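Q: Single-letter residue listing:
Protein chains: 2
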Amino acid sequence: MLNNDELSERIRRPELFDRIMSPRQAADLLNDGMIVGMSGFTRAGDAKAVPLAMAERAAKDPFRVTLITGASLGHDVDRILTEAGILARRMPFQADPTLRAAINRGEVMFIDQHLSETVEHIRSGQLGPLDYAIVEAAAITEFGGLVPTTSVGNSASFAVLAKKVIVEINMSQPLALEGIHDIYFPSKRPTRSPIPIVACESRIGFPYVPIDPDKIVAVVITQTEDSASNIERSDAGTDAIAERLIQFLQGEVKQGRLDLTLQPLQAGIGSIANAVLAGLADGPFHHLKMYSEVLQDSTFDLFDAGKLMFASGSSITLSPACAARVFPRLAEYKDRVVLRPQELSNHPEVVRRLGIIAVNTALEIDIYGNVNSTHVNGTHMMNGIGGSGDFARNAYLSIFVTKALAKGGAISSIVPMVTHVDHTEHDVDVVVTECGLADLRELAPRERAQAIIENCVHPDYREQLRDYFDRACLRGGHTPHLLEEAFSWHERRVATGSMMR
Amino acid sequence: MLNNDELSERIRRPELFDRIMSPRQAADLLNDGMIVGMSGFTRAGDAKAVPLAMAERAAKDPFRVTLITGASLGHDVDRILTEAGILARRMPFQADPTLRAAINRGEVMFIDQHLSETVEHIRSGQLGPLDYAIVEAAAITEFGGLVPTTSVGNSASFAVLAKKVIVEINMSQPLALEGIHDIYFPSKRPTRSPIPIVACESRIGFPYVPIDPDKIVAVVITQTEDSASNIERSDAGTDAIAERLIQFLQGEVKQGRLDLTLQPLQAGIGSIANAVLAGLADGPFHHLKMYSEVLQDSTFDLFDAGKLMFASGSSITLSPACAARVFPRLAEYKDRVVLRPQELSNHPEVVRRLGIIAVNTALEIDIYGNVNSTHVNGTHMMNGIGGSGDFARNAYLSIFVTKALAKGGAISSIVPMVTHVDHTEHDVDVVVTECGLADLRELAPRERAQAIIENCVHPDYREQLRDYFDRACLRGGHTPHLLEEAFSWHERRVATGSMMR
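Residue numbers (this note's numbering), protein chains in the order written: chain A, 1 to 501; chain B, 1001 to 1501.
I should point out that these hints are in silico values taken from the structure, not numbers from a laboratory.
Values in this document were obtained by computation on a predicted structure and should not be read as measured data.
Every residue gets a Cβ at the ideal spot worked out from N, C-alpha and C, and that includes glycine.
Do not take every clue at face value.
[Claimed, not checked] Straight-line distance between alpha carbons at most 16 angstroms, and here's what the computed EDC-like set of lysine to aspartate or glutamate pairs gives:
#1 A:Lys-188 <-> A:Glu-120
#2 A:Lys-188 <-> B:Glu-1006
#3 B:Lys-1060 <-> B:Asp-1028
#4 B:Lys-1188 <-> A:Asp-259
#5 A:Lys-403 <-> A:Asp-460
[As the list claims (entries may be wrong)] Part of the chain B face toward chain A, derived, beta carbon under 8 angstroms:
#6 Arg-1105
#7 Phe-1110
#8 Met-1171
#9 Arg-1189
#10 Pro-1196
#11 Arg-1329
#12 Leu-1330
#13 Arg-1353
#14 His-1375
#15 Gly-1378
Assemble the whole structure, with the sequences as input and the hints as a guide.
A: Rendered as structure tokens:
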């Protein structure tokens, strides 16, 4: 049982003690058809008790809501809410197999959005109004300000824009998190001022979310830790990708376009991007900075290697081993880390201004450098576009990484034409697989195709891809294709189990 | 023959008189393999004499260059340079049938870019270095500053970043243009400051391009006027599109999301966007502002109707009738118009900040709202993506317009799957054809498809499209498709002359 001292440290506005209730009592506040904003970004800082109570309630008292989060949730919450039939609509990202299946059956309406944009839609009234925000906090200040935990995501805006707020005070989240956040809201358009972030380390807002404490209708006490990162470990493939990319960056230094401090780095979530970033620890680079979305293990590996000066993100999502190392020593990192709302960690204005080197993962890439990040066979959603578009479009250098083969070689990640486009060729500067790197900058489509075919495709598929391209070129066009064969590799995979001819 | 007084008014730095030479002498300065930046944006403010002299020279002394402009050129310059075999590489936009054919034959390497980005590539050394800038000016100031003419485009940056500058002083461009331009350069990344534009009317730079006059190696005197706009007149179809869009905007006002002054407007070049904008003159809207790329006839129609307060653009491209009306009275408009570098007229930072309502034209749109702006049958380039991506991605409202039918009904502009994606569904909020309007905001793909099929597709193709979508849904997926049939409409058009089943 919690004692009053511990609680008073976390809930510093005495009147709010009267609003402490059970998760189920809080869940009972919701009504069918509501729009609910819930905290959680890449498994970090998610609401942990109320969503489970929502599922419990729905078993007897069915209701459905539109659920908006920052990004993916931990603790199987998306599975549990899906199984409870609560999710009518879901945005802007998810990464849960059960929810994914429901989305692909057309049962849950999923709106896949650029992560910087969701809050703009709410703020302008195009989406909403938001009935409830359910947000995790490490503490509530004397004036009702919410101190977020391991992610900010959309939580700060949810709390400000929702009619009512349910706060989960998570006693397991270290109070040392206080001070790590930078909470700022762009003003309403068209009279918005420039966002004053001019460097990764810029602090422009408050260390808490300033809201009217009267909006806090429920406080729920939890003690559950964040779900650990489920990113796979690096392997020979990811290491080879990292090595090629580091060679490329060294080449850029040699050409005088970059110096050894590079430019602010962004890395998408996933094992390849994590490996690429970790690989920088062994290179000649130093005094690096990150302006990214998720701070993964590699961020703290680079700190500990003395390579990284500062990291700005919207969440911290670590493996159990890394979490055990970092969280007890959080105070040591705190002046080198800032967590921002995802609207700002991913904001096109800031990404373009800082000249970010962006590394994101592709599901498949075509010979012209168009990228599919989301749809298997053009139809079945994996997770969502996430922040990749925010970064790739506006980056100084937009790099996409993928392993050349998938499913034991049955799938080539480099295909004649992607079955779904998330990033057009305009937004893809460099493609890297374990087989090689293609620098596509200032190349015309036919030149891009040659660079990708000769460098990135796996040798097992190279002849087959050359053959497609050569025959397409005979037919002409700026971007030669054989429309009737463009998806033949995908059709063959469905029919025979392999893309191999 | 020009008298010295007229020239002295235009060339205010006496030493530059010594550098006046013939177009051919200037063209002879270029060498094979050079990278040349040339002024010109949507037929306005293009270099008019030196490119013709380049072609003349190439007839006897063949040479090839990489030619970078703002956007499209007038006076058939792209045709003439193509026929002269001068163009090895061309970027970032063109709209010439002869050049287009050469691009589609793979003879000219064309790099199709977001118009805000080209200069970033030059500035960062990823493209370049620029050997020569060939820019049209209305005058050269006492300190060597260049006063642009009817477009800024990339010319200001070309002049600043090129090793040497050839200036075409165009005596036919009114000196009243002086003071209309706002020339500002974002600083080098990663230490860039916010771009201080906070409203359409913000002026943040100089009225001329400040360059070292020693870089001006040649001054050529011309008297040729800009090519007139070749935009087709509005017709029943474009009027219907305009009417539907205006109804939609009135609905937004009713919902309280906009007021009657709307938000800053952008309209892509072309007859539909021009008609939409002109249509606002008859609506209830007032005190409008534009933050756009090209100021077309409609801009001045709205000024003259008392509806428009201010217009920011990168060029002025008018029909002969409108030009005859506007240019003699330019001084009357001057405090309500600003011309900026295209990097700023299209800058993602500013577009997002101002909350622009963007209206751009699609070549084809698919049932999920992905837009093809550039490629016929996915292979043959029309013009280029231009600025549409800069605006559509970052706008408050991204609207795409197209006529539902093309080629007398043989082509439906709404297809099962676009053959090339320039704008992903994430960046497309509203689709309008003469048949109807689909508001796609906050809809999942299956809902988007229903909205587009029921509202936008021409009735002649509606059943056929419903049939595709229904059968695709049976197969499942977040974004249902039948890959083997996705391009069957395009294939049928090639085989039978019509997409009609």
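Q: Please go over all the hints and tell whether each is borne out by the structure.
A: Here is what the structure says about each hint:
no., hint, verdict
1, A:Lys-188 <-> A:Glu-120, "holds, 9 angstroms"
2, A:Lys-188 <-> B:Glu-1006, "violated, 50 angstroms"
3, B:Lys-1060 <-> B:Asp-1028, "holds, 12 angstroms"
4, B:Lys-1188 <-> A:Asp-259, "holds, 14 angstroms"
5, A:Lys-403 <-> A:Asp-460, "holds, 13 angstroms"
6, Arg-1105, "holds, 6 angstroms"
7, Phe-1110, "holds, 6 angstroms"
8, Met-1171, "violated, 36 angstroms"
9, Arg-1189, "holds, 3 angstroms"
10, Pro-1196, "holds, 7 angstroms"
11, Arg-1329, "violated, 29 angstroms"
12, Leu-1330, "violated, 27 angstroms"
13, Arg-1353, "holds, 5 angstroms"
14, His-1375, "holds, 6 angstroms"
15, Gly-1378, "holds, 5 angstroms"
In the structure shown, a violation is registered for the earlier hints numbered 2, 8, 11 and 12, in ascending order.
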